[in-house]
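Asker: Whole structure, please, built from the sequences with the hints as guidance.
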Amino acid sequence: MHGLAKAAVAGDERALDLFSAWRPRTAGQRIMMQAGSDNLCFYVSSITGVLFYFNEEGTCTEVLNTDGSMLKKLLFHERKDCLIVMTEGLNIGQFNVDSKGNLSEVMKVKLSGRSQETSMVWAGPGLVAVTTGDMLVRCLDLDTGENYLLETTSPSGAAAAPAEAFTSLAYCSQKRVLCGGTNLGNIVMWKYSPPLPELDLGPGCSTSIGDPSKGWVQQTPCSVPGAIKFLSWAHSEPLLAVNTIIRVYVLKEQTLSAHYSHGVSAVQVSPSNLLVEVLSEDSCPSLGLKTDLQVSGVSVCTDHVVVWSSKTLVVYQLNIDTSGEEAKLTANVAVNNLELSILGSFACEADAVYVYEQSVVVLQEERIQIRTFQGTVKQTLPFTDLEGQPIFMQLCGHFLVVATSCGIIKIWDLARRLSNFLPDTKLFLWDIESDSLQYFNFSTGRVDDGENEEYQNSLSPELTMTSTSMPGDSLTFDCLGRFVLSHQWDAEEPKLVVCEAKLLPKKTSNVDTPHYSRRMSSSTVTMPANTIIKKTQGQEGEVVLVTFFTCPEVGLIVQDVQSLPENHHKLLGVCTPHYLLLSKPSSQLPKVGLVKRMAMRDFEGLESCDKATREAVLNFSYNMTTGNMDEAFRAIKTIRRSANKLIWQFNLSCETCSSEVVWESLAKMCVKTKRLDVASVCLGHMKHARGAMALRQAAHEPVLEARVAMLAVHLGLMDEAERLYELCGRYDRLNALYQAAGEWDKAMRVAEEHDRIHLRATCHNYASYLEGKGDTAGAARMYERADTHRSQVPRMLIDDPAALQTYVSKTKDVQLTKWWGQYMESTGRMDEAIECYEKAGDYFSLVRILCFQEDLTRAAQVASTTGDKAACYHLARRYESQGRIQEAVHFFTIAQAYGNAVRICRIFSFWSSLPLITVLCFQEHGLEEGLWNLALLAGPREQLEAAQYFEQSDHPLPEKSVLLYHRAGMLHKALDLAFRTQQYSALQLIALDLNSTSDPVLIAKCAKFFVDNKQFDKAVDLLAVGKQYEEALALCVEHDIPVTEDLAEKLTMVKGEGDEGLRVRVLESVAESALAQRNYHLATKKFTQAGNKVRS
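Numbering-wise, the sequence shown is residues 1 to 1096 according to our numbering.
By construction, these hints were calculated from the structure, which means they are not laboratory data. Even for Gly, the Cβ is constructed at its ideal location relative to N, Cα and C. Every clue listed holds true.
Keeping only pairs whose Cα atoms sit at most 30 Å apart, straight-line, the calculated BS3-like set for lysine-lysine is:
{"no.": "1", "residue 1": "K108", "residue 2": "K214"}
{"no.": "2", "residue 1": "K495", "residue 2": "K611"}
{"no.": "3", "residue 1": "K311", "residue 2": "K290"}
{"no.": "4", "residue 1": "K191", "residue 2": "K252"}
{"no.": "5", "residue 1": "K812", "residue 2": "K869"}
{"no.": "6", "residue 1": "K252", "residue 2": "K311"}
{"no.": "7", "residue 1": "K80", "residue 2": "K175"}
{"no.": "8", "residue 1": "K596", "residue 2": "K495"}
{"no.": "9", "residue 1": "K839", "residue 2": "K812"}
{"no.": "10", "residue 1": "K229", "residue 2": "K108"}
{"no.": "11", "residue 1": "K687", "residue 2": "K214"}
{"no.": "12", "residue 1": "K570", "residue 2": "K502"}
{"no.": "13", "residue 1": "K252", "residue 2": "K73"}
{"no.": "14", "residue 1": "K110", "residue 2": "K72"}
Cβ-Cβ distance ranges computed for the label pairs, FRET-style:
{"no.": "15", "residue 1": "K311", "residue 2": "K495", "range": "50 to 58 Å"}
{"no.": "16", "residue 1": "G867", "residue 2": "N273", "range": "41 to 49 Å"}
{"no.": "17", "residue 1": "G573", "residue 2": "L293", "range": "55 to 63 Å"}
Answerer: In structure tokens form, the structure reads like this:
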């Protein structure tokens, strides 16, 4: 073993393998310990605020005492011998730890907040994140001593949830994400993203200068049901566990699926919901598709949508609904004249799926099958062992491209026809010094050095794929799908080359593909397996000028793309800062002067700049394109010195040499390269305060294109801003841009097609714009579309009462008509107000005005006819104030205000004990019968009061009192009164409501009553319900009451409910009674339940 160890240390690979594979016999019985400085020492805190240190020998030592303040959290530094302590009083202390575990205080911080909901975690090396029962997260950098707050925007909103507070924090070192859970179930996340990536050493170790809180960028929040008590990240994978006491959730970041093909797109918006859109020039109909699957992927074509999960694949038919009727179905969904219906579904563990005509191509379990929509396998595409297993596929037209695990790419022609010849889409670059050949492929927007394949044996241009990607540049999208016409070099700038590229000709439509009755043709080419194909955007003109920078490391990099003007024929040459173009010959143009100069986009406004400025701008653009930011900033300094030197030497103040013009050109260049950090420097030198402020405010935007579009807006690049907003899907920002520019037609179109959530706000703003121009009719229409016309149109037309009255009459809106009636009432025009209230159906206001006019007859007619409760109540109060009691009770009853009706009846009924004239008045009103009817409809309190009246009146009515006491739940009172007044029928009704939870005294009273009246069966049943089993059995035996199945069950005690001996005796007594009555089946059953199997 000693020699093997020496050989392993010397570097012998065989010895290393043997040594790493060797395990002692007792390896399974011992706990493996990590090597290094790890030991078994640890700290333990108590609830009394004492901190103990345990060493490896098991010795316990008190190292800290907080004088009764409980320790809430302990953290140990992962790189230093340092302990962080947090007490219940929100004191945070930092202590150095010596070799014996003793502590020496370094720092102490006192925080304010609520100690009940505190949390403290590591948020990076030496960085502690703390929350103290509010919506603030404090970060303490122990290495530098700095502290700062993280910007927090609550998902619930400060106004909506003032009591929201963080309850737990958790940090994921793999993703460098800090998350905080709140008591309302919201999870707020921050990702550490420093502004300078090259200086990024992680949270707590950044060397960037400035506010360290800017490195934490708040991410999109999420939420779970219930209050969050604890958060925890997994160690192996970035999974977040959320504890809400009653449930535990495990959250995982998932990329949403999306697919587009032939004008149809499908986007996953939730785990089981998708949004399907059909894109066209006239409209963009869309519908939501809700499935029962956990969607793993989606694929679309012109007529079909395929959705699959890990187990199932479902095919939908997509049709245009020409009927114009919208329906909401479960299996068939029809919205916006679109309809989806299920064609078929089958079990399939698919990795990728594409739809071609009436078949689906499925990549499943390392094989590719072509199936019908119902799952029948039509063909399996073959692969040999040398080719490997399929791992990726892509469908483009009728060509299927498959990549294998061995780096092989196979291409199938699903139409069984060869592709048409297309022009070459490659621009070659030969580096003479390194003797290497590279090319830029316009069909894919990629660069290759030509070593991975022989160009002569490559496929047609539309299928060519390359492997080396350029630096991230969205300009490549503008030159995709083109082929090279010509190229020109700049004689003074050897790294600049301009290429003239034209759109590829459109392919002719293919003949309908027959079914797969034969084997499909295939071609094979060896290429890297990680190739990606990008589709052409086609947003530029037919012919474009593509400017490239040549970089020794990458090759050709797209610097700019500009459309060739329509009146120009071709590119003749390049001389920075101009393109030299040949104009198209025509009869209007002279024979001379056909060559025109067009300024490059980076030099707009700098056409007459000096050589130093031109070189500095080119260097800046080159370094920005290649990502070399140090050199780019150095070029900025050169530009500044050059401009200042010219102005100082020649006293120039013209726009040509103006420093602001140069910086504006550089800022516009930053829009193209999307470098906002450099743009902020340019805006500062431009003294563009408004743009700098807008750029800072846009920093919270999660999408880069949206932030760049904001910069483009303030630089006057409106077309570029529109394109960026459309590219990132921020149609809300695009809508706001159109509104600010006064292009209301475009704003309305965007709101109707893409930004429906802001449609009403857009209509309202458009109405305000029209109102400002004096177009009140158009403003009223827009206010109606915004559904704000009920308040805005009266405000707008308040100075023109005639126009306002005409508008109210024409719209026939109920709320507006009611408002106009109130306006007429406020001006004293009661007749017109009554007419408006009648039209609006506001019967309460109508009755109120009639009562004001003392027209009670008509008011009573309206209230009785309509039955409006508010109107009846108002009229009843008016009758009550006039002493017309009978009418008041009548309308209180219609209004279902029974309490008020009973109140009036009781008030007049108590007068019966007064002088005779009062009694006669009471009898004249005849309120006793009304009181009885109202009491039956009223609640328990009114019933109790009515019962007391009928019992204590001069002419008592005990039968009504008993019934009302019974209905009010006063069973004792009802029984006493029934016994005293001998209301035996009422006693039987009361006995029906008695159960096992009733008072035993009541049960015994009722049972005695039934016995006295020879109703023994009812007495036995009542005693059984009251669980007085022995008394009930005694009555059964004494009076020979038949023991039925139902009575026997009532007399059977639940096992374990009471005394087991009593239960057995009762069961045996029931069995004896049944046996005496020759009910042998019942007797056997009860003897068995009693456990007496012999008697059974």
